[in-house]
Amino acid sequence: MKKLWEIFWSFSKIGLFTFGGGYAMIPLIQQEVLDRRRWIPESEFLDLLTLAQSVPGPIAVNTAVFVGYKRAGLRGAAASLLGVVIPSFTIILLIAVCFAGIRQNPYVDAAFKGMRPAVVALIIAPLIFLARGLNRAMVGVAVVVAGLIWWLNLSPVLILAAGAAAGIAWELSLAKRHKP
Amino acid sequence: MIFLQLFLSYLKIGFFGFGGGYAMLSLIQNEVVVQHGWITGAEFADIVAVSQITPGPIAINSATYVGYTVGAQGGSVLFGILGSIIATFAVCLPSMTLMILVARSIARLRNHPAVRGAMRGLRPVVIGMIGSAALLLIFPRNTGDESFIDLWSWLLFGGVLAGSWFKVNPILLIVLSAAAGVVIYI
Chain Z
-2 MKKLWEIFWS FSKIGLFTFG GGYAMIPLIQ QEVLDRRRWI PESEFLDLLT LAQSVPGPIA
58 VNTAVFVGYK RAGLRGAAAS LLGVVIPSFT IILLIAVCFA GIRQNPYVDA AFKGMRPAVV
118 ALIIAPLIFL ARGLNRAMVG VAVVVAGLIW WLNLSPVLIL AAGAAAGIAW ELSLAKRHKP
Chain G
35 MIFLQLFLSY LKIGFFGFGG GYAMLSLIQN EVVVQHGWIT GAEFADIVAV SQITPGPIAI
95 NSATYVGYTV GAQGGSVLFG ILGSIIATFA VCLPSMTLMI LVARSIARLR NHPAVRGAMR
155 GLRPVVIGMI GSAALLLIFP RNTGDESFID LWSWLLFGGV LAGSWFKVNP ILLIVLSAAA
215 GVVIYI
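From first to last, the protein sequence lines stand for chains Z and G. Read left to right, the first sequence gives residues -2 to 177 (the working numbering). Read left to right, the second sequence gives residues 35 to 220 (the working numbering).
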């Protein structure tokens, strides 16, 4: 039981201080899980990060579940999940309850008018960085995908499935060709 | 009924949410703004802004907020809280299940060609999805959803883009643009 509480507390601390999503929390996790608690060896940390990014869902949740499970099985996974989710859940719930009342306030309204274009810029900024890691054909695919979803309202789920299928077909055909 | 829809929508978002935060925006936008119309495009941009200045992953934040908003339309705060719990649980369920399965068979999976191929194929799609989320915020489908209302909006956009390029803290950038908004629009 004490073990589960420890997991819960560590991850609620991580959940409470993670601003700006997934990548921002990596140093925090490193400090808490590796340096302080020594729950997983350093050699496994990179594997953990790769996995957390490859499996669907928020990186924060994926990381929490993995560490919790390794440490104390299914109950550990549940404890770490609750820990990482409860702080942001509580804060957003409070905001949602109050938001309807303050939304019409002219100051709040003006602040949001300023924040909306800023949000768009923050979404676009990592794109430039990510796109540099792709070759020209892949950048083309990314542009077409953006256009299909935006212009034709195509479901992102369909395109994800098609992308995964194309990647698998490509990789398997390569594997076949390399076999004697 | 609405709760079941909420559960299924966020289950879908959780299950197909490859690439984390920003890539999931496009999925969330598609479900809650385009398909179901639970919130407006402008409200969606507001949630993203709030998520930036509050802790926690955007997927969880949006699930909690949208769950509350949709539930509360049923007439009471309690329905709202129930809605927020259902949506938040639904968005975590796939990653929890998959991550446990993966934790059990990590070594075997990573070098399998099919897994490697799927990862490769998903990468450009995920990047394109981030682009579509931004495009839909810049050119919304409905009037009244505009994130860009005048020249000031574009100036703020340019300023934040530059700030982000020089690695200025995003929370600081959001807080500064909120302050700029108050100065400009009051």
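Think of the hints as simulated: they come from the structure by calculation, not from any bench. Nothing here was measured: the structure is a model prediction, and the numbers come from that model. A virtual CB, placed ideally from N, CA and C, is assigned to each residue, including glycine. Be a bit skeptical, because a hint or two may be false.
Stretch-level coverage of chain G by chain Z, calculated; a stretch enters the list once three of its residues show a Cβ under 8 Å from a Cβ in chain Z [stated by the list, open to error]:
id : region
1  : 35 to 42
2  : 59 to 72
3  : 75 to 86
4  : 89 to 96
5  : 212 to 219
Selected chain G positions facing chain Z (in silico; Cβ < 10 Å) [claimed, not checked]:
id : residue
6  : Lys46
7  : Ala106
8  : Gly108
9  : Phe113
10 : Gly114
11 : Ile119
12 : Ile120
13 : Arg150
14 : Met163
15 : Ser166
16 : Leu170
17 : Phe182
18 : Trp188
19 : Phe191
message: Taking the earlier hints as the rules, which of them does this structure contradict?
response: Numbers 1, 8, 9 and 12, in rising order.
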